[in-house]
Amino acid sequence: MSNLKALKLTKKQLTVSNKRDKIARRAEKEIIAGQIVNLGIGIPTLILKYLNWEKRVQIHSENGILGMKSHCSRETADRNLIDAGGGYIDLVAGASFFDSSLSFALVRGGRLDIAFLGALEISTRGDLANWMIPGKYTPGIGGGMELAQKARRLIITTLHTNRRGRPKILESCNLPLTAKACVDMIITELAVIDVVDDQLQLVEIAEEATLEEIVEKTDAPLMVPDGVLPRF
Amino acid sequence: MNKVTNISDAISTIKDGQTIMVGGFGVPGTPFMLIEALLQHGARHLTLIKNEANEPHLGVSKLIEAGRVDRLITSHLGLNTTVLGMMNDKKIEVEFNPQGILVERIRCGGAGLIGFISDIGIDTVLSKNKQIITLNGQKGTVESALRADVAMIHAAVGDDIGNLVYEKSARNFNPAMATAADTVIAEVESIIDTGSLDPDAIHTPGAFVDRVVEIRKLRDEYGILEHHVFT
Numbered sequence: 354m355s356n357l358k359a360l361k362l363t364k365k366q367l368t369v370s371n372k373r374d375k376i377a378r379r380a381e382k383e384i385i386a387g388q389i390v391n392l393g394i395g396i397p398t399l400i401l402k403y404l405n406w407e408k409r410v411q412i413h414s415e416n417g418i419l420g421m422k423s424h425c426s427r428e429t430a431d432r433n434l435i436d437a438g439g440g441y442i443d444l445v446a447g448a449s450f451f452d453s454s455l456s457f458a459l460v461r462g463g464r465l466d467i468a469f470l471g472a473l474e475i476s477t478r479g480d481l482a483n484w485m486i487p488g489k490y491t492p493g494i495g496g497g498m499e500l501a502q503k504a505r506r507l508i509i510t511t512l513h514t515n516r517r518g519r520p521k522i523l524e525s526c527n528l529p530l531t532a533k534a535c536v537d538m539i540i541t542e543l544a545v546i547d548v549v550d551d552q553l554q555l556v557e558i559a560e561e562a563t564l565e566e567i568v569e570k571t572d573a574p575l576m577v578p579d580g581v582l583p584r585f
Numbered sequence: 007m008n009k010v011t012n013i014s015d016a017i018s019t020i021k022d023g024q025t026i027m028v029g030g031f032g033v034p035g036t037p038f039m040l041i042e043a044l045l046q047h048g049a050r051h052l053t054l055i056k057n058e059a060n061e062p063h064l065g066v067s068k069l070i071e072a073g074r075v076d077r078l079i080t081s082h083l084g085l086n087t088t089v090l091g092m093m094n095d096k097k098i099e100v101e102f103n104p105q106g107i108l109v110e111r112i113r114c115g116g117a118g119l120i121g122f123i124s125d126i127g128i129d130t131v132l133s134k135n136k137q138i139i140t141l142n143g144q145k146g147t148v149e150s151a152l153r154a155d156v157a158m159i160h161a162a163v164g165d166d167i168g169n170l171v172y173e174k175s176a177r178n179f180n181p182a183m184a185t186a187a188d189t190v191i192a193e194v195e196s197i198i199d200t201g202s203l204d205p206d207a208i209h210t211p212g213a214f215v216d217r218v219v220e221i222r223k224l225r226d227e228y229g230i231l232e233h234h235v236f237t
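Residue numbers (the numbering used here), protein chains in the order written: chain A, 354 to 585; chain B, 7 to 237.
In isolation and in its complexed conformation, chain A is listed as follows (with noise of 0.2 Å):
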């Protein structure tokens, strides 16, 4: 186990837009050259501001688009071309259009290589919830349960707590799940944690964060290895 006191650093206070595009710039670095890449509505689509296009990233959205570029402005609005989360969009080049029924066939079959979706809770096996409250928030699951129980890896950007401070990040989820056992990585504003064999194992924290409070807003065991871990 790590030494805490050479964690410590420096507090620096970052506001909600900041934490969440800090969120977004490390999710980016995930990304492989030539994956195929879906992105939740939230803090994920942030992570289009990040975007390195060399990579000849494409990115899908589940109205049925494989190449989607970024939102667009009012003069280049298409009222045909919108995402998944109704935005209007420009697209890259070799972009492709086709019905729900494929969009889901990426999905299912095994083409999509990264999901980034959003969280309520997350557990330490890697269950998701992320879709409803019951008795306050019941919109309806969209394409999440199948994004989250089929896409080759997920990964969940989220603030490390919720809007209450609570942690997300629990022993068990309480809410409805998404789907079992489907999240691979968990980036939040305060550490980058690898779910590995039904465990949770802290490897990267953040430059403004120090282990306790990692530790403290995460309700859960978390495996932190020996040594330095790299910052973010």
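No lab work stands behind these hints: they were computed from the structure. Keep in mind that a hint or two might mislead.
[Said to hold, decoys possible] Each computed BS3-like pair below joins lysine-lysine, with the alpha-carbon atoms no more than 27 Å apart:
no., chain 1, residue 1, chain 2, residue 2
1, A, Lys570, A, Lys489
2, B, Lys96, A, Lys489
3, A, Lys422, A, Lys402
4, A, Lys489, B, Lys136
5, B, Lys145, A, Lys489
6, A, Lys382, A, Lys533
7, A, Lys402, A, Lys382
8, A, Lys402, A, Lys372
9, A, Lys570, A, Lys533
10, B, Lys68, B, Lys223
11, B, Lys145, B, Lys97
12, B, Lys145, A, Lys533
13, B, Lys145, B, Lys96
14, A, Lys489, B, Lys223
15, B, Lys21, A, Lys489
16, A, Lys570, A, Lys382
17, A, Lys422, A, Lys372
18, B, Lys68, B, Lys97
19, B, Lys134, B, Lys145
20, A, Lys408, A, Lys372
21, B, Lys97, B, Lys21
22, B, Lys68, B, Lys96
23, A, Lys533, B, Lys136
24, A, Lys533, B, Lys134
[Claimed, not checked] Here are some of the chain A residues that sit facing chain B, going by a computed Cβ distance under 10 Å:
no., residue
25, Arg378
26, Asp431
27, Leu434
28, Asp436
29, Met485
30, Thr491
31, Gln502
32, Pro529
33, Lys533
34, Pro583
The beta-carbon is built from N, C-alpha and C at its ideal position, and this holds for glycine as well.
Start from chain A and add chain B according to the hints.
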């Protein structure tokens, strides 16, 4: 056979209590003109099958808000707090499906199949009340095929035998729904001479389409939604 007709004839056969599939994912591909005509037509106690319920006061939301819809089979209502409120007040019954399962149930219905087996949602509340079977060592829920009495489709271009071409992200649920109803009504932005569409480029062959209506003037609803312009 010339399938081109006027809008009131096209929807005149719709009856109370029928199941109606409506294409579209957001504004693109939503047949606003047919929806408006159905609203005027007055059919009630409908079951609607649509990916989402558009947004408040737009598209199928108008039918739902007018109390014409008893049941909605859908995947996501996140952009429609009005319909969510009606669901919570039990003014409308809503059945949620994972989006790809919804379209696959429709595709299945259109392909003359009874259903299929999928492991999506197997470990979740969505598998409750579904039959679970094991095939080739894999556990899955039985998903039934969906068909409708009427499908309402939007396409960019069509001809008088019902061949259709969709545009960009307006394709979405339209091709599957065009196969899965007893009567398929397509509104098209323009009708072109039969034979002028490249056979290789036709998305829905005319065999699936019963009636074609030309949209003479695009209503405002087909335009850009300012609140979805993000930059």
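Each hint, compared with the structure:
no. : hint                 : in the structure
1   : A:Lys570 to A:Lys489 : 24 Å, holds
2   : B:Lys96 to A:Lys489  : 15 Å, holds
3   : A:Lys422 to A:Lys402 : 10 Å, holds
4   : A:Lys489 to B:Lys136 : 25 Å, holds
5   : B:Lys145 to A:Lys489 : 31 Å, violated
6   : A:Lys382 to A:Lys533 : 25 Å, holds
7   : A:Lys402 to A:Lys382 : 13 Å, holds
8   : A:Lys402 to A:Lys372 : 14 Å, holds
9   : A:Lys570 to A:Lys533 : 22 Å, holds
10  : B:Lys68 to B:Lys223  : 20 Å, holds
11  : B:Lys145 to B:Lys97  : 36 Å, violated
12  : B:Lys145 to A:Lys533 : 14 Å, holds
13  : B:Lys145 to B:Lys96  : 34 Å, violated
14  : A:Lys489 to B:Lys223 : 41 Å, violated
15  : B:Lys21 to A:Lys489  : 36 Å, violated
16  : A:Lys570 to A:Lys382 : 24 Å, holds
17  : A:Lys422 to A:Lys372 : 23 Å, holds
18  : B:Lys68 to B:Lys97   : 14 Å, holds
19  : B:Lys134 to B:Lys145 : 14 Å, holds
20  : A:Lys408 to A:Lys372 : 25 Å, holds
21  : B:Lys97 to B:Lys21   : 21 Å, holds
22  : B:Lys68 to B:Lys96   : 17 Å, holds
23  : A:Lys533 to B:Lys136 : 18 Å, holds
24  : A:Lys533 to B:Lys134 : 15 Å, holds
25  : Arg378               : 18 Å, violated
26  : Asp431               : 7 Å, holds
27  : Leu434               : 5 Å, holds
28  : Asp436               : 8 Å, holds
29  : Met485               : 8 Å, holds
30  : Thr491               : 7 Å, holds
31  : Gln502               : 6 Å, holds
32  : Pro529               : 5 Å, holds
33  : Lys533               : 4 Å, holds
34  : Pro583               : 33 Å, violated
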